[in-house]
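The primary structure of each chain is shown beneath.
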Amino acid sequence: MEDQPTNDGCGSNCGCHGEPGGEPGGTSRRTLLKAAGVTLGAAAFAKALSPIVNWSRENLSVDEFLQKHYRELDKDQLAAVLRHLEEDARKNYGAEVTIGDHRPQKGVKFGYALNLSICIGCRRCAEACHHENNHDRGTNNSYIRVLEMQKGSMDMEHGNVHYDHPVPHPDKFYMPVQCQQCDNPPCVHVCPVEATWKEDDGIVVVDYNWCIGCRYCEAACPYHARRFNWTKPSIPKEEINPKQSYLSNRIRPQGVMEKCTFCLHRTREGQMPACLEACPTGARVFGNLLDPESEIRKVIDNKRVFVLKEELGTRPSFFYFFDE
Amino acid sequence: MNSTNSTDPSAGENPHDARFHAVSYLKFLRMAFRLATEGTWSFYVWMTVLTCVFLVGAHAWALQVEMGMNVTAMNDHVSWGLYIANFTFLVGLAAGGVMMVIPAYIYHDKDMHDTVIVGELLAIASIVMCLMFVVADLGRPDRFWHMMPFVGKFNWPISMLTWDVIVLNGYLLLNLHICGYLLYKRFLGETPDRRWYVPFVFLSIAWAISIHTVTAFLYSGLGGRPFWNTALLAPRFLTSAFVAGPAFIIIVLQIIRRLTRMRIGSGSIQTLASIMRITILIDLLMFGSEVFTAFYTGGSHSVAIKYLFFGHGELNALVPWTWVSLVFMVIAAMLLMRPKVHEHLILLDVACVLAFVGIWIEKGMGLIIPGFVPSTLHEWVEYVPSAAEWKIMAGIWAAGLIVYTLLLKVAIPVFSGSTSARDLK
Numbered sequence: 001m002e003d004q005p006t007n008d009g010c011g012s013n014c015g016c017h018g019e020p021g022g023e024p025g026g027t028s029r030r031t032l033l034k035a036a037g038v039t040l041g042a043a044a045f046a047k048a049l050s051p052i053v054n055w056s057r058e059n060l061s062v063d064e065f066l067q068k069h070y071r072e073l074d075k076d077q078l079a080a081v082l083r084h085l086e087e088d089a090r091k092n093y094g095a096e097v098t099i100g101d102h103r104p105q106k107g108v109k110f111g112y113a114l115n116l117s118i119c120i121g122c123r124r125c126a127e128a129c130h131h132e133n134n135h136d137r138g139t140n141n142s143y144i145r146v147l148e149m150q151k152g153s154m155d156m157e158h159g160n161v162h163y164d165h166p167v168p169h170p171d172k173f174y175m176p177v178q179c180q181q182c183d184n185p186p187c188v189h190v191c192p193v194e195a196t197w198k199e200d201d202g203i204v205v206v207d208y209n210w211c212i213g214c215r216y217c218e219a220a221c222p223y224h225a226r227r228f229n230w231t232k233p234s235i236p237k238e239e240i241n242p243k244q245s246y247l248s249n250r251i252r253p254q255g256v257m258e259k260c261t262f263c264l265h266r267t268r269e270g271q272m273p274a275c276l277e278a279c280p281t282g283a284r285v286f287g288n289l290l291d292p293e294s295e296i297r298k299v300i301d302n303k304r305v306f307v308l309k310e311e312l313g314t315r316p317s318f319f320y321f322f323d324e
Numbered sequence: 325m326n327s328t329n330s331t332d333p334s335a336g337e338n339p340h341d342a343r344f345h346a347v348s349y350l351k352f353l354r355m356a357f358r359l360a361t362e363g364t365w366s367f368y369v370w371m372t373v374l375t376c377v378f379l380v381g382a383h384a385w386a387l388q389v390e391m392g393m394n395v396t397a398m399n400d401h402v403s404w405g406l407y408i409a410n411f412t413f414l415v416g417l418a419a420g421g422v423m424m425v426i427p428a429y430i431y432h433d434k435d436m437h438d439t440v441i442v443g444e445l446l447a448i449a450s451i452v453m454c455l456m457f458v459v460a461d462l463g464r465p466d467r468f469w470h471m472m473p474f475v476g477k478f479n480w481p482i483s484m485l486t487w488d489v490i491v492l493n494g495y496l497l498l499n500l501h502i503c504g505y506l507l508y509k510r511f512l513g514e515t516p517d518r519r520w521y522v523p524f525v526f527l528s529i530a531w532a533i534s535i536h537t538v539t540a541f542l543y544s545g546l547g548g549r550p551f552w553n554t555a556l557l558a559p560r561f562l563t564s565a566f567v568a569g570p571a572f573i574i575i576v577l578q579i580i581r582r583l584t585r586m587r588i589g590s591g592s593i594q595t596l597a598s599i600m601r602i603t604i605l606i607d608l609l610m611f612g613s614e615v616f617t618a619f620y621t622g623g624s625h626s627v628a629i630k631y632l633f634f635g636h637g638e639l640n641a642l643v644p645w646t647w648v649s650l651v652f653m654v655i656a657a658m659l660l661m662r663p664k665v666h667e668h669l670i671l672l673d674v675a676c677v678l679a680f681v682g683i684w685i686e687k688g689m690g691l692i693i694p695g696f697v698p699s700t701l702h703e704w705v706e707y708v709p710s711a712a713e714w715k716i717m718a719g720i721w722a723a724g725l726i727v728y729t730l731l732l733k734v735a736i737p738v739f740s741g742s743t744s745a746r747d748l749k
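Protein chains in written order, with my numbering: chain A, 1 to 324; chain B, 325 to 749.
So that you can see chain B by itself, here it is in the shape it has in the complex (with noise of 0.2 Å):
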């Protein structure tokens, strides 16, 4: 589970030549797997039922290869469903971790700087939840290999997916060396040369703006989808990935101060929350923009929109998950805008589940579901997902959870000095 492209340093005038890294790299894996594998009782059960649920996942899926996926609800008019809603979401969640690299790096952040590892490996996890929703959502994962470049045929430049392929990739390749780098570096007890890694940290910031970037054009370039063919897409959702980031690092950051002995220094807790209370108002203003021209203008444009809100006619699956989300987001909005909510962590740690779980709604069911009812033919097809379906999904974040975990439990220790190459010797 531990990152392997550490790049061997050796080319500059670092003292260690190549053997030594042979053998001390050796070392620090031997490291990693010790560290993500011992632990308290508490731990042994947290893993025990992620790999539970996870296995469940994993079956469904498999039965899902075997019979077809008309074990999920979709369907020829929702084509698209729970997985590519959470893979839109998780995206976000990926590019989120920005929100602590950029205060880290480009402001000089002290408490910001000792635990935007937090923030990275988040990055790391979410890409491979995304990548395992992409693969659930295939008819033929069999035939995954015809998405390589170079191997198969990769329709690059026109295809969208194909960008899609190349920045989430990039950015799980960017956060990998880093983390990897700087945790091995830490290992041997040296200092990072930043050669080896800021650069790449200002890469990384860039690259996550264009991770939730693509994935907007993914929808916002249909032309035949009007609910999702509007310019303010990618916007939203870079805004909303800034909300519900930072929301998810706010909570694993007091988990961490309270489970392990890393310094979390309450100014990335109010750095954090101080993000979240602009990027929330700004999510909720462009809403609010989307809501006034669909309504005000009405016609076609309208239709998936008032569907969202109101139903049409007997059908409204989607009018509670819409109504939840707007509701948690506006009592989110309210709770940040708390001159000094950091000093109040209950109701900080309220408004980040509400605000996590309203644009997990907003970006899931709210955004894909929608852009494909009415059909194109205005033929009206709801969309429940299947037990199958959720079971998948269910299974997928505990992987991601999985990876966290562990990666979380090797870095820290790592970070915090309470383990370096000294020990093995």
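This is chain A alone, in the form it adopts within the complex (with noise of 0.2 Å):
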């Protein structure tokens, strides 16, 4: 960095390549001043490169580099990414955990639905959510974000995220938000690399090994719901979720985007989300769409559900109501 091409340090008889720049009239001297420079510039850059080398050496290996699309790799390769997944877990974090590849179930398309009659405000969603998906301890990371209302007023401007004081508290309401899982999602449409998509069950995933962390898609969110790793995510070994999905809370990686998955480890296999289990209240309602017997139907059908920014046409899969 701080080398200086043109200084006449390199003065002695050097074995810098000279630059086919030797044209008959021009001194020699000259030349080989400029080969010095070049040759320090040269040095001063790799310098400057170095710690990329660092990184690729610690975080990249050709496999890595190389790794195909999630849904272009076949049954093989995509065990070995997964046993290779869990391998790195073991030495970043020296954390035991299993890492699945959890498809979407047939004749299903997840629905959910948040009672902001008797949300409380406690965040305890929030909380879970940060530890079933192995969020980064040090940001305090979650895929929900509640925000304390004004009553008498449905705009989020007179909302509050950041209220600290006991709840819930008289004048006000809660409304808890993650991702909406829209069915014309606009994070989506602009990823440039596909590297985000719908499942067929309705949930907006990320392949965080084809991320390229350009984060469009966080622009193009109107719910705030994607994240960024503006870092490695730091997490002690014994905190660890083990049980862990490819397409869900696996630990991402260091500059990929991540958001609410319907922690679809847990709700492929039938279990509900773990920021639904964590609710004091009963407040939210989550189930298949298809099904006419589930409760998320009854509630569609029954109750006068609302969805957020609904004039922006992204179709959310996530309904608010009240119970009066």
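Check the hints yourself; a few may be wrong.
As a list, the in silico DMTMM-like pairs of lysine to aspartate or glutamate whose alpha-carbon atoms are at most 25 Å apart [unchecked claim]:
1. B/Lys630 to A/Glu157
2. A/Lys68 to B/Asp466
3. A/Lys232 to B/Asp400
4. A/Lys309 to B/Asp400
5. A/Lys47 to B/Glu390
6. B/Lys733 to B/Glu514
7. A/Lys47 to B/Asp466
8. A/Lys232 to B/Glu514
9. A/Lys198 to A/Glu311
10. A/Lys172 to B/Glu703
11. A/Lys151 to B/Glu703
12. A/Lys198 to B/Asp400
13. B/Lys630 to A/Asp155
14. A/Lys91 to B/Glu390
15. A/Lys232 to B/Glu706
Label pairs and their calculated CB-CB ranges [to be verified]:
16. B/Pro473 to A/Lys298: 39 to 49 Å
17. B/Met472 to A/Thr231: 46 to 56 Å
18. A/Arg57 to B/Met472: 19 to 29 Å
19. B/Ile655 to A/Phe322: 50 to 60 Å
20. B/Gln578 to A/Arg71: 35 to 45 Å
Quick caveat, the hints were computed from the structure, so don't treat them as lab data.
Using N, Cα and C, we set each Cβ at its ideal position, and we do this for glycine too.
Put the complex together from the two separate chains, hints included.
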């Protein structure tokens, strides 16, 4: 960085290769100086970029660099990738984890509904998400943000996520917001490399090993549902949730996007999302929209439900309602 | 640093065969290399300073790749910052060069025709900077190949970013071809064959419009960001580009006139000043129209612009930028109104610098950041670029100036006829 290519420092007979610019009229002293300058410049450039060399030595194998898109991996390739990722978790975090590949079930489209009349704003859903999905401990990240709203207004301008007093406050109501798993998802449309897509059961997922980290999806999402890994996530090994899935809660690499997946590693096995199980008031209703007998369908059919920012045409699979 | 895609015109009635070109093109490259590395002491000092700044930026970027992007001030609320701000501005600078191409090739302005290469080379250097800023903004630059058509997965046509990849690289190739072909022909001492460059020049005019339009569509297509979601965005991008581009070129032309033997007719500067005089007024008109709509209507569409001008409570990081930009633009417009401003070069230069800086702010901090403040859930998080971001930005600008200097260093002697194939014989 501090080397200056035109210093006379290399005035002695060093063995620098002369560049092919040694035209007949030029003085040899000048050529020598130039060669010295080029050498110094090249050395400085190599030094300046050395952190990248360190980083790639530790974090990037040839296999990882050349890995194909998730949807183009065959069975064996995917199995190899999963074993490799488990190995990484052991090496980088000292944790024994199992990383599965949970596929959508036939005849299932997931929907979520949230009863705003009984949500008390305790933020236990956000905390459960934090642990279930192996979020970075340093930033206390979660896919759920709980807005404290002023009664009498649905305008988020009057919302506040940084409330710090006993809940529920009598003049307020509470509105948790997470990925709305839109049927017309702007985040999916804008992705230049198809690193994010909508699965058959309605869940929008990210291939963390394909994402280039341009953050266009984060700009496009109207619900602040997406998060970026600004650095390598830090989690103590004893806190790591070892039950993981490729498309959901495995520990994310640095520099890629992530988002709520309706806990697909749970819900595709018939369990409920972690945020629902943590809710102390039963404000959350989750289920299969295609099943007419499901609880979620009963809510949608019988309550006056609404979706957030309906005017944007995103067609969320996440519904809100009041009970009176 | 020279353009490599000279097209081999052996197909037509050209007397030269491929072998001739193989030999003479190598000579051309050798000459270009010599021109790019020979110079006065001030040239070496200039290049050394730029190289040092570039290395500082390269190192900062390497650290960013290693440590992650939390060395920047960006966050999940303001997820684009200084890099994308500069990218947006530089797409405009690249498109701005077309304001020389149109007078030169459509209106056959003689002076402009002699100097149009300055604008075309600026387009090349600007696009190089654009691509560098995009790479700087990527969380995973090692996965850059995912974005390449056929090799990776190219989400075309639905993602506007893939359109941007196409138009920016296409514009780069077009200008490399045009400049490379004309330079090579001049070097051979031959008259360029119109069929080999005029169609490309006309294509490049339309293409210049497309690069800034597509870049505006990146933002204006996002329904969740009311500040960007306006149909006026693309026209505003273009008009401001047609202020910033000519402003930069006017200054460069004067520097070239002072430092080299290239003939810079006063007609070029006069024409560019006349163009700026109009475009800056249209730009201000459109800006005023946005301000009216936002403030008179109120509601959610006005929140970001209110923050831009007056801040929000104690948060007012963008307020000084905004007012500086506006004041600079108004002063520049008033100076340009002077009927014979091109005869008062000092005044013209002041106007150019003010307009250039004003638009850099408006297309950067004033456009990208308020798209994110307040966030989509109306959280208020401010953004002030970090030291790493400033370093990387400076490094990329230095790299761009290195490219531009070298391109001009080769092109000017060739075009002013002081170097040609005969010198090497």
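Results of checking the hints against the structure:
For the proposed pair B/Lys630 and A/Glu157, the alpha carbon gap of about 14 Å is at most 25 Å, so the pair holds. This hinted pair checks out: A/Lys68 and B/Asp466 have alpha carbons roughly 14 Å apart, not beyond 25 Å. As the CA atoms of A/Lys232 and B/Asp400 are separated by approximately 15 Å, the hinted pair is consistent with the 25 Å bound. A distance of roughly 20 Å separates the Cα atoms of A/Lys309 and B/Asp400; the hinted pair therefore holds under the 25 Å criterion.
Proximity of A/Lys47 to B/Glu390 is assessed by CA-CA distance (about 14 Å); at most 25 Å being required, the pair is judged to hold. Our distance criterion of 25 Å between C-alpha atoms is met by B/Lys733 and B/Glu514, whose separation comes to about 21 Å. Annotation: proposed proximity of A/Lys47 to B/Asp466 holds, straight-line Cα distance about 19 Å (limit 25 Å). Straight-line distance between C-alpha atoms of A/Lys232 and B/Glu514 comes to about 58 Å, which puts the hinted pair past the 25 Å bound.
With a C-alpha separation of about 21 Å, the suggested pairing of A/Lys198 with A/Glu311 holds against the 25 Å cut-off. Distance restraint check for A/Lys172 and B/Glu703: the Cα-Cα separation of roughly 17 Å lies within the 25 Å cut-off, and the hinted pair is therefore satisfied. For a cut-off of 25 Å, the pair hint linking A/Lys151 to B/Glu703 stands: about 18 Å separates their Cα positions. For the hint linking A/Lys198 to B/Asp400, the alpha-carbon distance of about 22 Å falls within 25 Å, and the restraint holds.
For the given pair, B/Lys630 sits about 18 Å from A/Asp155 by alpha-carbon distance, which is consistent with the 25 Å threshold. Restraint check for A/Lys91 and B/Glu390: satisfied, since their Cα atoms lie roughly 18 Å apart, inside the 25 Å limit. Restraint check: the Cα-Cα separation between A/Lys232 and B/Glu706 comes to about 23 Å, which is no more than 25 Å; the hinted pair holds. In this structure, B/Pro473 and A/Lys298 meet the distance hint of 39 to 49 Å, their C-beta atoms being roughly 48 Å apart.
One distance hint, 46 to 56 Å for the beta-carbon pair B/Met472 and A/Thr231, is violated here, with the actual separation near 27 Å. Take A/Arg57 and B/Met472: their Cβ atoms lie about 25 Å apart, and the range 19 to 29 Å holds. For B/Ile655 and A/Phe322, the hinted distance range of 50 to 60 Å is satisfied, since their beta carbons lie about 55 Å from each other. A beta carbon spacing of about 56 Å between B/Gln578 and A/Arg71 contradicts the range 35 to 45 Å that was offered as a hint.
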